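Undergrad: Read off the chains here:
4 protein chains.
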Amino acid sequence: MASKLIAIVAGVGAGTGAAVARKFAKAYPVVLLARKPESFESLANEINSAGGKAIGISTDVSDASSLKNAVETIKKEFGNDVGAAAAIFNASGPFLRKPFLEIPPEVFAASLGVSATGGILFSQTFLPLLLNGVKQKSEHPPSLIFTGATASVKSNAQMASFSTGKWALRALSQSLAREFGPQGVHVAHAIIDGVIDIPRTKEWLQGAGPEAKLSPDVIANDYWWLHTQPKTNFTWEIDLRPAIEKW
Amino acid sequence: MASKLIAIVAGVGAGTGAAVARKFAKAYPVVLLARKPESFESLANEINSAGGKAIGISTDVSDASSLKNAVETIKKEFGNDVGAAAAIFNASGPFLRKPFLEIPPEVFAASLGVSATGGILFSQTFLPLLLNGVKQKSEHPPSLIFTGATASVKSNAQMASFSTGKWALRALSQSLAREFGPQGVHVAHAIIDGVIDIPRTKEWLQGAGPEAKLSPDVIANDYWWLHTQPKTNFTWEIDLRPAIEKW
Amino acid sequence: MASKLIAIVAGVGAGTGAAVARKFAKAYPVVLLARKPESFESLANEINSAGGKAIGISTDVSDASSLKNAVETIKKEFGNDVGAAAAIFNASGPFLRKPFLEIPPEVFAASLGVSATGGILFSQTFLPLLLNGVKQKSEHPPSLIFTGATASVKSNAQMASFSTGKWALRALSQSLAREFGPQGVHVAHAIIDGVIDIPRTKEWLQGAGPEAKLSPDVIANDYWWLHTQPKTNFTWEIDLRPAIEKW
Amino acid sequence: MASKLIAIVAGVGAGTGAAVARKFAKAYPVVLLARKPESFESLANEINSAGGKAIGISTDVSDASSLKNAVETIKKEFGNDVGAAAAIFNASGPFLRKPFLEIPPEVFAASLGVSATGGILFSQTFLPLLLNGVKQKSEHPPSLIFTGATASVKSNAQMASFSTGKWALRALSQSLAREFGPQGVHVAHAIIDGVIDIPRTKEWLQGAGPEAKLSPDVIANDYWWLHTQPKTNFTWEIDLRPAIEKW
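Those protein sequences? They're chains A, B, C and D, same order as listed.
Using our numbering, you'd call the opening residue of the first sequence number 111 and step up by one each time.
Using our numbering, you'd call the opening residue of the second sequence number 111 and step up by one each time.
Using our numbering, you'd call the opening residue of the third sequence number 111 and step up by one each time.
Using our numbering, you'd call the opening residue of the fourth sequence number 111 and step up by one each time.
Since the hints were made in silico from the structure, they are not lab data.
Bear in mind the structure is a predicted one, so any value in this text is a computation, not a measurement.
Hints may contain errors.
Pairs count within a copy or across copies, as identical chains cannot be separated in the list.
[Claimed, not checked] Derived pair list, reagent style BS3-like, types lysine-lysine, alpha-carbon separation capped at 25 Å: (1) Lys264 <-> Lys356; (2) Lys341 <-> Lys356; (3) Lys185 <-> Lys245; (4) Lys136 <-> Lys245; (5) Lys178 <-> Lys114.
Please model the complete structure; the sequences and the hints are all you need to start from.
TA: Written as structure tokens, this is what we have:
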């Protein structure tokens with residue numbers, strides 16, 4: 111039965127999402143969701159070549175019909191009674207760090223579309239699979255994990271096009287933790303408070319030393335740790351930051 | 111010059127919005143925004159009959175073009191260089207207190223449309239008028255006040271279709287407070303933590319005594335107090351609840 | 111009856127405490143508590159000369175017997191059935207902004223002695239008088255107001271000798287608000303987030319303009335506003351900061 | 111060198127402290143601190159019999175001289191240059207859940223003495239050993255972990271004699287995390303939000319099922335997970351509660 115349990119990761123790219131997918135692929139077939147195939151193709155190949163199982167599905171999490179298509183593809187691949195051991199929402203929309211009055215409404219719409227609406231639609235789509243995972247007596251409680259940021263708890267000047275969606279996502283995760291915890295699904299929220307060490311940030315914080323940025327592989331370990339917590343000891347929220355970070 | 115300064119209230123109906131409009135109408139011409147004319151017509155008449163000045167404009171705050179129309183109407187009425195002494199966002203979208211998986215995505219969309227997108231569009235529309243108010247040396251710092259709720263700081267089970275938007279709105283208010291405070295605009299957020307005493311809640315909390323519900327007139331006084339704070343002492347956030355409330 | 115209602119202010123000096131005392135002296139006889147007579151003598155004279163009524167009592171709020179003496183003095187002056195309309199705890203202990211390992215334990219003890227133990231003892235001493243105020247049907251709900259600081263909600267590096275006591279005091283105020291609100295006493299906490307404009311800070315923030323510091327007189331107005339809130343609309347917490355403050 | 115690294119656990123008894131000590135004893139010699147020898151004697155025997163190394167020292171964490179004696183004993187046992195890999199503060203003072211005005215000041219003093227003063231003195235005593243652990247290049251960053259509770263973030267009516275100390279302790283942990291993180295010491299705070307499954311609570315929550323209480327062994331695993339986080343990914347705070355807990 112455990113063979114039916116999969117892990118879904120939304121928002122795979124060069125950073126946290128990919129690291130999380132690699133980590134969970136050691137235990138489960140993984141479904142990689144991203145808008146563009148180039149975001150998941152090489153990762154899926156890598157996992158499949160290493161003896162794991164991964165499929166990528168082009169998906170726009172802010173679009174209900176796109177998520178519906180994703181589920182149909184998943185069921186074709188893994189069966190109609192597929193259960194999920196983990197669903198990880200790591201997607202973020204675009205935003206602008208600019209004076210509020212200079213930000214086009216479309217930017218807010220796109221950011222809220224992913225962080226708020228996307229989080230909601232992703233949860234409505236995959237919670238039934240996670241509840242299936244509960245029925246199938248998964249080894250670890252099925253887990254729904256959301257990636258947050260500094261802007262999930264602090265809304266700085268000029269950051270509203272990011273923070274509005276991130277606060278909404280945190281609210282979602284807290285409500286779901288309270289509703290689905292008693293049903294056996296572990297809902298958690300991780301506040302990533304710092305720069306993550308990925309290709310795009312290679313030039314950042316030069317000179318601050320090799321430990322000035324968060325390691326995506328360690329974030330993946332932390333998500334795995336959340337996933338393995340038993341029902342007696344669920345964590346809703348963790349914060350993660352480099353030791354030298356000012357906060 | 112002060113004659114050019116107006117107050118705008120979005121979300122007038124039978125409760126807080128109307129009380130706030132009445133209060134601010136004692137000092138400023140007021141613009142009443144609501145989707146349906148029946149929400150503001152009798153209130154506008156009442157204020158105008160009492161010697162104040164009020165106009166109502168049918169407006170959907172979740173729709174940029176509707177807000178654009180509202181501003182054009184305002185400028186026709188009060189001049190192109192109109193400034194605002196206060197803009198109060200008291201609108202809320204519909205929501206359902208139900209199991210998460212039973213809530214149609216449209217409900218989330220409508221709720222976020224008002225609380226998140228509506229708050230953003232309202233702010234982008236009226237902050238220029240508030241900044242005009244600063245230039246015109248308003249007696250009190252021009253104020254942008256948002257109405258929050260218990261669900262702005264606590265996201266309970268089955269409340270996600272309300273709390274996601276309310277957390278987003280609170281994030282917006284915090285970011286704007288930090289950006290526009292130094293420019294002279296006072297941005298504040300009020301957490302209304304309890305049942306408000308309005309016709310719709312008449313039958314609620316019967317037997318708990320006459321002080322078990324929040325008075326909308328007193329909320330209006332509290333908003334006026336926020337409005338009159340000088341630049342040395344700005345409050346971003348207040349909570350308001352009946353003395354007997356459990357929290 | 112109202113003649114029996116007094117206001118007590120602990121921690122009067124050159125700043126907030128004195129301003130609060132002056133403000134409340136317009137409505138009530140005030141009792142000024144400070145360790146050293148020089149902290150309250152000229153203030154008491156000023157209030158008495160202006161037609162108000164003030165008495166000062168040398169009191170160490172961290173010492174139960176000293177507070178007991180204060181109450182005896184108060185009862186001698188105002189009668190055994192004296193009620194209080196307001197009790198304002200504005201005292202703070204000494205602290206050091208220094209590396210944690212360089213701070214003598216005595217500094218922590220003194221700081222906790224005032225902010226934590228002092229807050230507790232002050233409340234145990236004067237809540238009976240405030241409850242008496244409820245019985246005597248005071249015009250405004252008797253109010254117990256605590257002065258907090260930035261360090262009440264954020265505990266920065268090297269600030270532990272201040273923040274530990276301030277967090278304890280905030281916890282006290284929240285618990286008391288929940289317990290005594292239903293009994294008619296309004297318990298509130300004010301987060302003063304910035305530099306207050308007092309003689310000691312005269313040279314601070316020079317060049318940042320006349321509005322860079324909090325006005326103690328306006329803080330006093332804010333406390334008075336809290337005091338006049340009716341039982342339908344109690345605020346537990348407000349924050350106060352200059353418009354230009356970074357936060 | 112690693113042989114010099116020890117773990118110190120304050121507040122060992124039948125629950126979390128003992129489980130944490132057992133867990134850390136698999137990697138380090140452990141020092142068990144409790145006021146009464148009967149709290150640590152059988153645990154020390156158990157660990158020593160199982161091939162680990164444990165010593166117990168009668169210590170009152172609210173008393174600086176008692177902690178000084180503890181350090182002297184430790185240095186006699188492990189050498190003057192002993193370093194610590196972990197120091198875990200799990201002590202709590204007595205408190206009363208009662209109307210505020212019925213709680214003797216001595217109860218507040220005892221509770222603050224352990225949670226606030228005890229936390230401070232424990233940290234001042236053992237941070238030098240943790241910094242020694244940094245110098246000795248411990249495998250995992252030396253960790254200072256504090257046990258919090260629901261009352262660390264929520265201060266309910268009648269709970270002030272517990273929450274005041276717990277909020278102070280949380281403030282301490284946040285300040286120390288900010289000061290000592292950059293120096294290589296990982297400071298963390300765990301909010302234990304529920305009933306822990308220990309002999310004393312055996313009769314509690316009967317009928318709510320075997321997963322209604324927190325497992326102390328799993329709390330110990332969670333602390334170990336915190337301890338093994340590398341410097342790129344430090345968590346300051348986690349919450350822990352049973353899946354079925356209402357919160």
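Undergrad: A separate judgement is required for each hint: does it hold in the structure or not?
TA: Against the structure, the hints come out as follows:
1. Lys264 <-> Lys356: Both: 14 Å inside a copy, 13 Å across copies.
2. Lys341 <-> Lys356: between (34 Å within a copy, 14 Å between copies)
3. Lys185 <-> Lys245: This pair counts as within: shortest intra-copy Cα distance 17 Å, inter-copy 54 Å.
4. Lys136 <-> Lys245: Within one copy, since 22 Å is at most 25 Å while 36 Å is not.
5. Lys178 <-> Lys114: Cα proximity of Lys178 and Lys114: one copy only (19 Å, versus 53 Å across).
No hint from the list above goes unmet by this structure.
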